[in-house]
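Asks: For reference, the chains in residue letters:
2 protein chains.
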Amino acid sequence: MADPAPHMTPDEFRRQGTELVEWIASYMERLEDLPVLAQVEPGWVRAQLPDHPPAEGEPWPDIVADLDRVIVPGLTHWQSPNFFAYFPGNATGPSILGDLLSAGLGVQGMLWATSPACTELEQLVLDWLLELTGLPQRFSSKGPGGGVIQESASSANLCALRDLAVRRGAEPARLRAYVSTQTHSSVEKAARVAGLAPRQLEAIDVGPDYAMLPDALARAMAADAAAGLAPCFVAATVGTTSSTALDPVPAIAEVARAHGAWVHVDAAFAGSAAVCPELRFVNDGADVADSWCFNPHKWLLTNFDCSALWVADRAPLLAALSVTPEYLRNASTDAGAVVDYRDWQIPLGRRFRALKLWFVIRHYGAAGLAAHIRSGVALGQELAAWVEADERFELAAPAPLSLVCLRHREGDEATQTIIDAVNGSGHAYVTHTRLDDRLVLRVAIGQARTERRHVEALWEQITALA
Amino acid sequence: MADPAPHMTPDEFRRQGTELVEWIASYMERLEDLPVLAQVEPGWVRAQLPDHPPAEGEPWPDIVADLDRVIVPGLTHWQSPNFFAYFPGNATGPSILGDLLSAGLGVQGMLWATSPACTELEQLVLDWLLELTGLPQRFSSKGPGGGVIQESASSANLCALRDLAVRRGAEPARLRAYVSTQTHSSVEKAARVAGLAPRQLEAIDVGPDYAMLPDALARAMAADAAAGLAPCFVAATVGTTSSTALDPVPAIAEVARAHGAWVHVDAAFAGSAAVCPELRFVNDGADVADSWCFNPHKWLLTNFDCSALWVADRAPLLAALSVTPEYLRNASTDAGAVVDYRDWQIPLGRRFRALKLWFVIRHYGAAGLAAHIRSGVALGQELAAWVEADERFELAAPAPLSLVCLRHREGDEATQTIIDAVNGSGHAYVTHTRLDDRLVLRVAIGQARTERRHVEALWEQITALA
Numbered sequence: 001m002a003d004p005a006p007h008m009t010p011d012e013f014r015r016q017g018t019e020l021v022e023w024i025a026s027y028m029e030r031l032e033d034l035p036v037l038a039q040v041e042p043g044w045v046r047a048q049l050p051d052h053p054p055a056e057g058e059p060w061p062d063i064v065a066d067l068d069r070v071i072v073p074g075l076t077h078w079q080s081p082n083f084f085a086y087f088p089g090n091a092t093g094p095s096i097l098g099d100l101l102s103a104g105l106g107v108q109g110m111l112w113a114t115s116p117a118c119t120e121l122e123q124l125v126l127d128w129l130l131e132l133t134g135l136p137q138r139f140s141s142k143g144p145g146g147g148v149i150q151e152s153a154s155s156a157n158l159c160a161l162r163d164l165a166v167r168r169g170a171e172p173a174r175l176r177a178y179v180s181t182q183t184h185s186s187v188e189k190a191a192r193v194a195g196l197a198p199r200q201l202e203a204i205d206v207g208p209d210y211a212m213l214p215d216a217l218a219r220a221m222a223a224d225a226a227a228g229l230a231p232c233f234v235a236a237t238v239g240t241t242s243s244t245a246l247d248p249v250p251a252i253a254e255v256a257r258a259h260g261a262w263v264h265v266d267a268a269f270a271g272s273a274a275v276c277p278e279l280r281f282v283n284d285g286a287d288v289a290d291s292w293c294f295n296p297h298k299w300l301l302t303n304f305d306c307s308a309l310w311v312a313d314r315a316p317l318l319a320a321l322s323v324t325p326e327y328l329r330n331a332s333t334d335a336g337a338v339v340d341y342r343d344w345q346i347p348l349g350r351r352f353r354a355l356k357l358w359f360v361i362r363h364y365g366a367a368g369l370a371a372h373i374r375s376g377v378a379l380g381q382e383l384a385a386w387v388e389a390d391e392r393f394e395l396a397a398p399a400p401l402s403l404v405c406l407r408h409r410e411g412d413e414a415t416q417t418i419i420d421a422v423n424g425s426g427h428a429y430v431t432h433t434r435l436d437d438r439l440v441l442r443v444a445i446g447q448a449r450t451e452r453r454h455v456e457a458l459w460e461q462i463t464a465l466a
Numbered sequence: 001m002a003d004p005a006p007h008m009t010p011d012e013f014r015r016q017g018t019e020l021v022e023w024i025a026s027y028m029e030r031l032e033d034l035p036v037l038a039q040v041e042p043g044w045v046r047a048q049l050p051d052h053p054p055a056e057g058e059p060w061p062d063i064v065a066d067l068d069r070v071i072v073p074g075l076t077h078w079q080s081p082n083f084f085a086y087f088p089g090n091a092t093g094p095s096i097l098g099d100l101l102s103a104g105l106g107v108q109g110m111l112w113a114t115s116p117a118c119t120e121l122e123q124l125v126l127d128w129l130l131e132l133t134g135l136p137q138r139f140s141s142k143g144p145g146g147g148v149i150q151e152s153a154s155s156a157n158l159c160a161l162r163d164l165a166v167r168r169g170a171e172p173a174r175l176r177a178y179v180s181t182q183t184h185s186s187v188e189k190a191a192r193v194a195g196l197a198p199r200q201l202e203a204i205d206v207g208p209d210y211a212m213l214p215d216a217l218a219r220a221m222a223a224d225a226a227a228g229l230a231p232c233f234v235a236a237t238v239g240t241t242s243s244t245a246l247d248p249v250p251a252i253a254e255v256a257r258a259h260g261a262w263v264h265v266d267a268a269f270a271g272s273a274a275v276c277p278e279l280r281f282v283n284d285g286a287d288v289a290d291s292w293c294f295n296p297h298k299w300l301l302t303n304f305d306c307s308a309l310w311v312a313d314r315a316p317l318l319a320a321l322s323v324t325p326e327y328l329r330n331a332s333t334d335a336g337a338v339v340d341y342r343d344w345q346i347p348l349g350r351r352f353r354a355l356k357l358w359f360v361i362r363h364y365g366a367a368g369l370a371a372h373i374r375s376g377v378a379l380g381q382e383l384a385a386w387v388e389a390d391e392r393f394e395l396a397a398p399a400p401l402s403l404v405c406l407r408h409r410e411g412d413e414a415t416q417t418i419i420d421a422v423n424g425s426g427h428a429y430v431t432h433t434r435l436d437d438r439l440v441l442r443v444a445i446g447q448a449r450t451e452r453r454h455v456e457a458l459w460e461q462i463t464a465l466a
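Heads up: the sequence lines are chains C and V, in that order. Each residue of the first sequence is one higher than the one before, starting from 1 at the first, in my numbering. Each residue of the second sequence is one higher than the one before, starting from 1 at the first, in my numbering.
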């Protein structure tokens with residue numbers, strides 16, 4: 001008989017798990033003092049580790065020792081209160097524990113039957129999320145539509161786009177899809193993966209607020225239709241990545257409707273704001289969109305990945321994505337009594353991601369979620385006011401939520417110098433974009449640990465550098 | 001000033017985290033006594049929970065109390081030693097801790113710069129995995145190829161397939177892709193999502209061992225080429241889902257090569273076996289395949305999701321999937337000094353999944369990983385021998401690894417009765433398939449907790465029912 005595999009016993013798991021929880025709690029306490037952007041050169045992390053895997057298992061303390069020695073210096077600390085880059089990606093206590101539980105249970109929810117709780121809890125929390133954000137009940141799982149958690153907005157967009165193409169039955173090469181010049185690259189990627197040629201995805205002009213111009217969309221769709229093409233899909237964005245511009249969804253939907261085109265709304269960052277009743281302008285048009293998504297893994301205190309997608313009618317999505325081989329058939333599915341989420345996504349397998357959203361919603365409650373969003377928006381508005389009051393700087397775009405886009409009035413070089421100095425200092429991490437071909441410093445506020453003093457310190461650093 | 005959000009402090013995280021670790025350890029200890037397949041009716045889980053989200057945050061003990069009350073009864077226990085369904089999905093201690101750490105760090109590795117450790121550790125562990133499995137160095141990150149972790153084999157297949165279409169530049173409607181009648185449904189789904197019409201994906205016949213017939217493939221590709229079509233992609237399977245049939249990859253690759261078609265190998269389950277030198281027949285053809293994937297999240301003690309994909313040449317993959325908007329540009333990427341994994345996958349964002357694979361490899365070592373696989377194969381071979389020795393049963397297919405396909409000689413009804421009785425009893429969970437249009441009971445061995453006594457008990461139950 002060969003040696004048995006050295007599986008970790010429940011008691012060892014207790015011990016190592018408790019130690020790792022302690023390590024993570026202490027990482028949380030140290031976060032503020034760590035340089036936000038990783039300071040290592042390419043290849044540094046790998047060079048610290050052995051080139052070959054171990055022949056025999058290693059003792060756990062050796063593994064944990066490498067976390068501080070190799071991993072932490074190689075991180076860009078997304079959970080730092082001084083992380084103002086991209087958009088926030090909050091990993092809060094309840095969401096970490098939700099992921100721990102998901103890993104510990106180790107179930108795979110491709111079918112209702114492979115763990116009913118995985119499917120039913122996901123339907124429940126996505127219905128809860130509709131209620132929390134004031135999104136319309138037409139997306140509820142209790143009607144012909146429903147919600148699903150996807151691993152990213154890109155996949156969600158791809159499903160919706162691909163779905164459309166299948167649904168329309170138009171000749172593939174004649175399909176035309178529309179975005180704005182400010183739409184996230186994920187939609188372009190989704191179109192590519194779905195087999196659309198570059199000419200089949202048209203970028204519509206935006207106005208001075210960087211929001212899509214419905215008139216320009218109407219002209220493009222009409223010209224395509226007149227040329228015998230098939231306008232089939234419009235992606236509107238609520239809160240663009242560069243500047244949180246808000247596409248006018250109702251007007252866009254009206255234009256799209258005239259051509260029978262699917263309207264998908266990507267509210268990846270901004271959608272979470274709707275947990276505050278006073279910010280529900282981000283939901284404008286939800287009553288007429290075909291699909292809607294936003295990412296609790298950005299601003300809603302839930303760790304990556306957790307992207308919520310709703311459709312008003314699930315039939316075309318299922319028609320596009322359902323493939324049932326014999327080995328996946330089962331009585332519950334055959335009876336039509338259940339939802340099998342594998343038919344709502346590209347991969348077959350799926351983790352129990354609803355747990356973390358459930359933990360987050362229950363831990364914070366509606367009031368706690370709103371308090372977090374409200375705090376970020378207040379800080380964003382305050383920073384925007386400071387920028388406007390300083391004659392050396394200007395706002396590069398409206399700041400409707402908590403992203404502030406600013407630039408030095410002297411031009412790109414001055415702005416770039418500030419960005420490089422801030423990031424190089426390790427005190428904070430900001431990213432850039434270009435608007436009207438001018439460089440922009442983006443300050444995205446919304447990290448759970450960010451307080452007023454962190455935004456103040458950043459602004460002090462920026463102005464000192466000016 | 002509004003109320004602050006009730007974020008969980010590091011000390012609260014310590015307390016709740018330690019309690020949850022204890023809960024999971026105790027779940028591990030109870031696993032063997034729980035009914036494997038969930039016994040609840042559709043709607044039961046949801047009916048136990050409030051229809052509306054809480055207005056205020058709830059105390060943590062109330063949340064945890066619902067785990068035993070609602071979640072556990074609603075689970076199908078994939079980690080039970082009596083789980084013989086589908087393929088195993090092992091969530092071992094080290095992999096759970098890897099996921100906990102990934103959640104706790106909360107970094108997002110879309111770019112090298114957004115956490116260098118996330119990218120470099122992934123390159124390292126995928127190179128380690130090549131060495132552990134004896135796969136060829138042509139897939140190493142140190143050459144023109146390289147490996148990447150994908151969330152599922154479906155996505156990996158899709159990337160490879162889509163990549164090909166772009167690379168070939170053939171007219172989309174003329175592309176033809178080939179699978180066998182036994183290929184996993186994920187490839188069909190990937191083809192759909194990539195915009196291929198059903199007629200563009202051809203299912204090639206298999207022989208009596210359920211492996212693809214290279215002669216049949218050669219005939220189909222030649223006929224298509226003669227008809228002016230563009231044969232471009234062949235998906236070979238090493239270890240099919242129904243019966244772990246092994247497609248003859250070298251012969252398939254030779255046929256495909258003559259047409260310049262891409263050869264992708266899906267070794268989702270069986271690929272892990274190669275950690276045992278004596279089982280490296282599963283690697284046949286790896287020296288000539290364009291892409292290769294297997295899922296450590298199935299048989300290699302790493303929890304879902306962790307699908308490893310390698311390509312011999314990364315250029316076409318990047319050409320297909322790289323889209324760089326301004327806000328993702330950075331000095332390291334512009335200098336070409338680093339790998340940005342967002343260009344290797346469909347979604348933009350990515351979790352730090354390399355951690356769990358790193359923990360698993362270090363905890364078990366090469367010897368421990370091999371011991372686990374060897375134990376599963378030994379049990380599978382033993383069960384296959386019992387089936388062959390019992391005149392009431394027969395093997396429905398060869399059992400080269402640890403999946404045993406059997407049926408009652410009296411026919412489908414007798415086999416179905418046994419499947420239903422086993423699953424209904426809660427003692428074990430097996431699934432079915434059809435081979436040559438006859439019902440088959442699949443016993444997939446490989447769960448980390450499964451010992452000889454569990455397989456014996458299952459066989460006793462089956463024979464008692466016969």
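Read the hints as simulated data drawn from the structure, not as lab findings. Remember, predicted model here, so these are calculated numbers, not experimental data. Check the hints yourself; a few may be wrong.
It does not matter which identical chain is used: a pair holds within one copy or between any two.
[What the hints assert, rightly or not] Think about it this way: if two alpha-carbon atoms lie no more than 20 Å apart in a straight line, the pair counts; the simulated EDC-like pairs of lysine to aspartate or glutamate are:
| hint | residue 1 | residue 2 |
| --- | --- | --- |
| 1 | Lys142 | Asp340 |
| 2 | Lys142 | Glu22 |
| 3 | Lys142 | Asp209 |
| 4 | Lys142 | Glu41 |
| 5 | Lys142 | Asp51 |
| 6 | Lys142 | Glu131 |
| 7 | Lys142 | Asp287 |
Asks: Next, verify each hint and record whether it holds.
Replies: Hints, one by one, checked against the model:
no.	hint	result
1	Lys142 - Asp340	within (15 Å within a copy, 41 Å between copies)
2	Lys142 - Glu22	neither (42 Å within a copy, 36 Å between copies)
3	Lys142 - Asp209	neither (38 Å within a copy, 46 Å between copies)
4	Lys142 - Glu41	between (52 Å within a copy, 17 Å between copies)
5	Lys142 - Asp51	between (53 Å within a copy, 11 Å between copies)
6	Lys142 - Glu131	within (13 Å within a copy, 51 Å between copies)
7	Lys142 - Asp287	within (16 Å within a copy, 52 Å between copies)
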